[in-house]
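There are 2 protein chains.
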Amino acid sequence: MTSERTRVRRLPEKQVEDRAVLDAVLDAGRVAHVAVVDDGQPYVLAVAYARDGDRVLFHGSTGSRLFRSIAAGADTCLTVTLVDGLVLARSVFESSMRYRGAMILGRAAELEHRAKFEALERMSERLTPGRWAEARQPNRRELAATLVVALPIEEWSVKVSDGWPTDEEGDLGLPVWAGVLPVEERYGEPLAAPDLQPGVEPPPYLGAWSPR
Amino acid sequence: MTSERTRVRRLPEKQVEDRAVLDAVLDAGRVAHVAVVDDGQPYVLAVAYARDGDRVLFHGSTGSRLFRSIAAGADTCLTVTLVDGLVLARSVFESSMRYRGAMILGRAAELEHRAKFEALERMSERLTPGRWAEARQPNRRELAATLVVALPIEEWSVKVSDGWPTDEEGDLGLPVWAGVLPVEERYGEPLAAPDLQPGVEPPPYLGAWSPR
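Just so you know, the protein sequences line up as chains E and R, in that order.
Per this note's numbering, the first sequence runs over residues 1 to 212.
Per this note's numbering, the second sequence runs over residues 1 to 212.
Simulated from the structure, these hints should not be mistaken for lab results.
All figures in this text were calculated on a predicted structure; none of them were measured in a lab.
Where hints are given, some of them may not hold.
Same chains, same names: a pair is fine if it fits in one copy or spans any two.
With a straight-line cut-off of 25 Å between C-alpha atoms, the simulated SDA-like cross-links for lysine to any residue are [stated by the list, open to error]: (1) K116 to M97; (2) K116 to T166; (3) K116 to Q137; (4) K116 to V21; (5) K116 to A192; (6) K116 to E94.
Take the sequences, apply the hints, and build the full model.
Printed below as a string of structure tokens:
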């Protein structure tokens with residue numbers, strides 16, 4: 001839910017209170033930016049993530065001091081930003097972007113044992129569906145090298161900017177094109193690894209994947 | 001340059017010391033994630049940005065408390081992440097992403113007067129080249145509503161992951177496809193604003209733009 005800390009003061013008309021919208025934005029993204037403060041200095045780390053009900057799962061290495069701090073429950077902020085297009089107004093000031101943005105504040109908790117394994121499966125199936133059943137699953141040593149955390153979806157905000165240029169009345173007559181240039185994202189043709197065994201073809205499930 | 005704070009402890013082989021690589025990553029991106037700490041709580045904000053020599057320019061609203069804090073010189077971190085593809089290994093553990101990531105630590109300074117105007121032009125020309133000369137440029141009132149800041153490129157790190165799956169010897173014989181699924185991003189056809197004057201065509205320079 002929205003708190004005083006996540007209330008959008010700037011462009012509040014773009015903020016929505018609907019949890020379903022938050023979930024849709026989180027489910028459309030793959031990479032989040034996570035903050036952690038160390039010795040007064042904030043850091044922003046990029047992580048792959050997956051929503052799982054009322055929490056967001058992500059993982060990192062036990063070798064990362066900053067990630068260990070997140071896993072130990074330091075105050076954090078997870079932000080997901082999807083850029084959908086450029087909004088070209090007749091004035092530079094009104095020019096902007098179409099985007100969807102989600103922000104979650106809170107503290108993550110480390111997952112262990114069965115919950116950790118299941119979270120990795122959930123992340124794998126979210127980002128690369130079909131892969132978990134086919135690829136070799138993590139062994140004990142690999143699990144020990146990985147920190148898996150869950151950030152509860154409790155304090156959050158979501159913004160959606162999907163409109164058209166809103167030029168001032170006095171600019172509408174300018175002979176300047178105005179509109180939206182949409183961003184399109186997709187996966188290209190799969191590139192086989194140089195050491196791939198002969199005869200192993202790309203699996204059919206790749207064709208159903210989309211980066212958004 | 002790399003400091004103790006920006007030295008990559010995790011996967012150090014992906015870190016490069018070359019300032020030209022940092023510049024190339026910064027110049028390929030459009031949106032950065034910026035951290036600011038308020039009352040002990042870190043926040044991550046998405047901003048459009050442009051590199052200008054030895055500094056990164058970005059702007060925000062005077063109505064944003066968090067952005068005012070950044071403009072006032074609070075410790076910040078600016079991170080740019082470009083996801084170039086999925087790396088599908090034969091094991092889940094070795095599966096990852098191709099990406100380019102830049103991080104700058106420091107304090108931003110607010111720009112004023114002529115420097116502010118020129119920074120807005122630089123940002124506009126970087127993100128939407130050709131537009132500044134054609135669209136109506138910011139007036140005094142609009143400038144007053146905008147905070148423009150410059151973050152010096154002094155303490156930074158850059159990582160580039162552009163390789164192939166590195167499966168363990170024992171996994172190479174598994175009958176699992178391995179390789180890379182590249183992410184492709186481009187602008188789609190321009191969509192005219194509903195209130196566009198009849199007869200105003202999309203400008204030719206749009207065809208030269210690319211989201212990366």
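Against the structure, the hints come out as follows:
1. K116 to M97: between (37 Å within a copy, 21 Å between copies)
2. K116 to T166: Between copies only: 23 Å across, 47 Å inside.
3. K116 to Q137: So K116 and Q137 pass the 25 Å test inside one copy only (13 Å; across, 53 Å).
4. K116 to V21: neither (27 Å within a copy, 36 Å between copies)
5. K116 to A192: This pair counts as neither: shortest intra-copy Cα distance 30 Å, inter-copy 48 Å.
6. K116 to E94: between (46 Å within a copy, 17 Å between copies)
In this structure, the hints that do not hold are numbers 4 and 5, in rising order.
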